[in-house]
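Q: Next come the chains, spelled out residue by residue.
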Amino acid sequence: QKEVEQDPGPLSVPEGAIVSLNCTYSNSAFQYFMWYRQYSRKGPELLMYTYSSGNKEDGRFTAQVDKSSKYISLFIRDSQPSDSATYLCAMKRSETSGSRLTFGEGTQLTVNP
Amino acid sequence: GAVVSQHPSWVICKSGTSVKIECRSLDFQATTMFWYRQFPKQSLMLMATSNEGSKATYEQGVEKDKFLINHASLTLSTLTVTSAHPEDSSFYICSASGTSGSKGSTDTQYFGPGTRLTVL
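Residue numbers (the working numbering), protein chains in the order written: chain P, 1 to 113; chain V, 1 to 120.
Worth flagging that the hints you see were computed from the coordinates, not collected in a lab. None of the values given here were measured: they were computed from a predicted structure. Hints are supplied without guarantee of correctness; some may be wrong.
A few chain P residues that face chain V, going by a derived Cβ cut-off under 8 Å, partial list only [said to hold, decoys possible]:
#1 ALA17
#2 MET34
#3 ARG41
#4 LEU101
#5 GLU105
Quick list of in silico lysine-lysine cross-link-like pairs, DSS-like style, CA-CA up to 27 Å [unchecked claim]:
#6 V:LYS55 with V:LYS66
#7 V:LYS64 with P:LYS2
#8 P:LYS2 with P:LYS42
#9 V:LYS64 with P:LYS92
#10 V:LYS41 with V:LYS20
#11 P:LYS67 with P:LYS42
#12 V:LYS55 with P:LYS56
#13 V:LYS55 with P:LYS92
#14 P:LYS70 with P:LYS2
#15 V:LYS41 with P:LYS2
#16 P:LYS70 with V:LYS41
#17 V:LYS14 with V:LYS64
#18 V:LYS55 with V:LYS20
#19 V:LYS66 with V:LYS20
#20 P:LYS67 with P:LYS56
#21 P:LYS67 with P:LYS2
#22 P:LYS92 with P:LYS2
#23 V:LYS20 with V:LYS64
#24 P:LYS92 with P:LYS70
#25 P:LYS56 with P:LYS2
#26 P:LYS92 with P:LYS42
#27 V:LYS41 with P:LYS42
#28 P:LYS42 with V:LYS64
#29 V:LYS41 with V:LYS14
#30 V:LYS14 with P:LYS42
#31 P:LYS56 with P:LYS42
#32 V:LYS64 with V:LYS41
#33 P:LYS42 with V:LYS20
#34 V:LYS41 with V:LYS66
#35 V:LYS14 with V:LYS66
#36 P:LYS92 with P:LYS56
#37 V:LYS41 with P:LYS92
#38 P:LYS70 with P:LYS56
Backbone N, C-alpha and C fix where the C-beta goes; we use that ideal spot for every residue, glycine too.
Kindly generate the complete structure, drawing on both the sequences and the hints.
A: Right under this line is the structure:
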């Protein structure tokens, strides 16, 4: 069983839709959670970083963490064609700089104009 | 956010040659740098972790004599693919995590744009 499960999609939505991306994890030692966006042939770009359970909002993006259920989500409001990319959830056990990330498989999202 | 650069962005080489890829943290000091490899439509695979001034720690199955990593300063790490073969063709991405108090947070990794290696 993978430590982090993420539906690879592909997910296709019309422009303006609300997008929900999710990851589940099995190891309760994960304490820090991130969402990265990766365009084709580019490196991942950090979108959201959360530590506590609850919601964190940044513009059109909302990250949600439920540690009791071992479930994290990323919501994208008013989705745009420029949001078309692969979204990777990632998590780590420790805040130290050497702590490795465990990634989900990534969800490929297409927003159609 | 913190900026990480990679050079070159794309390289084509002949089989048997060595290729060096540079990873730089431009506006923060990176205590730790990570090197990943990514195949098409797959997630990132961690190859090794390097701390400034120390030997890199390689993941299981990664040949340390083939993928030489040097982290000589707090802003520069290099990955050298020695005697490259076609099966080494891939997308190589570095990330950097900084020291407390610097722009790069110890909590997160900031990724470079990646280097596409094609070995003929």
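Q: Next step is simple, just say for each hint if it's right about the structure.
A: Outcome of the hint check:
1. Contact between P:ALA17 and chain V, as hinted, is not supported at the beta carbon level, the nearest pair being about 23 Å apart and thus beyond 8 Å.
2. Checking P:MET34 against chain V by beta carbon gives a least distance of about 6 Å; that is within 8 Å, so the hint holds.
3. Below 8 Å, beta-carbon pairs count as interface contacts, and P:ARG41 has one with chain V at about 7 Å; its hint therefore holds.
4. At its closest, the beta carbon of P:LEU101 sits 6 Å from a beta carbon of chain V; the interface hint therefore holds under the 8 Å criterion.
5. For P:GLU105, the suggested interface contact is upheld, since its CB lies about 5 Å from the closest CB of chain V, less than 8 Å.
6. Of the supplied pair hints, the one linking V:LYS55 and V:LYS66 holds, its CA atoms being roughly 15 Å apart against a limit of 27 Å.
7. For a cut-off of 27 Å, the pair hint linking V:LYS64 to P:LYS2 stands: about 26 Å separates their Cα positions.
8. Annotation: proposed proximity of P:LYS2 to P:LYS42 holds, straight-line Cα distance about 25 Å (limit 27 Å).
9. Of the pairs offered as hints, the one joining V:LYS64 and P:LYS92 holds, with about 24 Å between alpha carbons and a cut-off of 27 Å not exceeded.
10. For the suggested pair V:LYS41 and V:LYS20, the alpha carbons sit about 25 Å apart, so the restraint of at most 27 Å is met.
11. For the given pair, P:LYS67 sits about 31 Å from P:LYS42 by alpha-carbon distance, which is inconsistent with the 27 Å threshold.
12. Distance hint between V:LYS55 and P:LYS56 is unfulfilled; the C-alpha atoms sit about 37 Å from each other, more than 27 Å.
13. Of the pairs offered as hints, the one joining V:LYS55 and P:LYS92 holds, with about 22 Å between alpha carbons and a cut-off of 27 Å not exceeded.
14. For the given pair, P:LYS70 sits about 13 Å from P:LYS2 by alpha-carbon distance, which is consistent with the 27 Å threshold.
15. Taking the CA atoms of V:LYS41 and P:LYS2, the gap is near 17 Å; set against the 27 Å cutoff, the hint holds.
16. Straight-line distance between C-alpha atoms of P:LYS70 and V:LYS41 comes to about 25 Å, which keeps the hinted pair within the 27 Å bound.
17. As the CA atoms of V:LYS14 and V:LYS64 are separated by approximately 21 Å, the hinted pair is consistent with the 27 Å bound.
18. Between V:LYS55 and V:LYS20, the direct Cα distance comes to roughly 17 Å. Compliance with the 27 Å bound is thereby established for this hinted pair.
19. A distance of roughly 12 Å separates the Cα atoms of V:LYS66 and V:LYS20; the hinted pair therefore holds under the 27 Å criterion.
20. Between P:LYS67 and P:LYS56 the CA atoms are separated by roughly 14 Å; this keeps the pair inside 27 Å, and the hint holds.
21. Our distance criterion of 27 Å between C-alpha atoms is met by P:LYS67 and P:LYS2, whose separation comes to about 17 Å.
22. Taken as a hint, the P:LYS92 and P:LYS2 pair is honoured in the structure, with Cα atoms around 14 Å apart against an allowance of 27 Å.
23. Using a Cα cut-off of 27 Å, the hinted pair V:LYS20 and V:LYS64 holds, with the two alpha carbons roughly 14 Å apart.
24. Restraint check for P:LYS92 and P:LYS70: the C-alpha separation of about 13 Å stays at or below 27 Å, so the hint holds.
25. About 26 Å separates the Cα atoms of P:LYS56 and P:LYS2, which keeps this hinted pair within 27 Å; it holds.
26. Only pairs whose Cα atoms come within 27 Å are accepted, and P:LYS92 paired with P:LYS42 is accepted, the gap being roughly 22 Å.
27. The straight-line distance between the Cα atoms of V:LYS41 and P:LYS42 is roughly 13 Å, inside the 27 Å bound, and the hint therefore holds.
28. For the hint linking P:LYS42 to V:LYS64, the alpha-carbon distance of about 25 Å falls within 27 Å, and the restraint holds.
29. This hinted pair checks out: V:LYS41 and V:LYS14 have alpha carbons roughly 25 Å apart, not beyond 27 Å.
30. Between the alpha carbons of V:LYS14 and P:LYS42 the distance comes to roughly 24 Å, so the proposed pair stays at or under 27 Å and holds.
31. Annotation: proposed proximity of P:LYS56 to P:LYS42 holds, straight-line Cα distance about 26 Å (limit 27 Å).
32. Taking the CA atoms of V:LYS64 and V:LYS41, the gap is about 25 Å. The hint holds against a cut of 27 Å.
33. Annotation: proposed proximity of P:LYS42 to V:LYS20 holds, straight-line Cα distance about 19 Å (limit 27 Å).
34. Between V:LYS41 and V:LYS66 the CA atoms are separated by roughly 25 Å; this keeps the pair inside 27 Å, and the hint holds.
35. Taken as a hint, the V:LYS14 and V:LYS66 pair is honoured in the structure, with Cα atoms around 16 Å apart against an allowance of 27 Å.
36. With a C-alpha separation of about 18 Å, the suggested pair P:LYS92 and P:LYS56 falls inside the 27 Å cut-off, and the hint holds.
37. Note on V:LYS41 and P:LYS92: the hinted pairing holds, with a Cα-Cα distance of about 23 Å set against a maximum of 27 Å.
38. Restraint check for P:LYS70 and P:LYS56: satisfied, since their Cα atoms lie roughly 17 Å apart, inside the 27 Å limit.
The structure fails to meet hints 1, 11, 12 from the earlier list, while all remaining hints are met.
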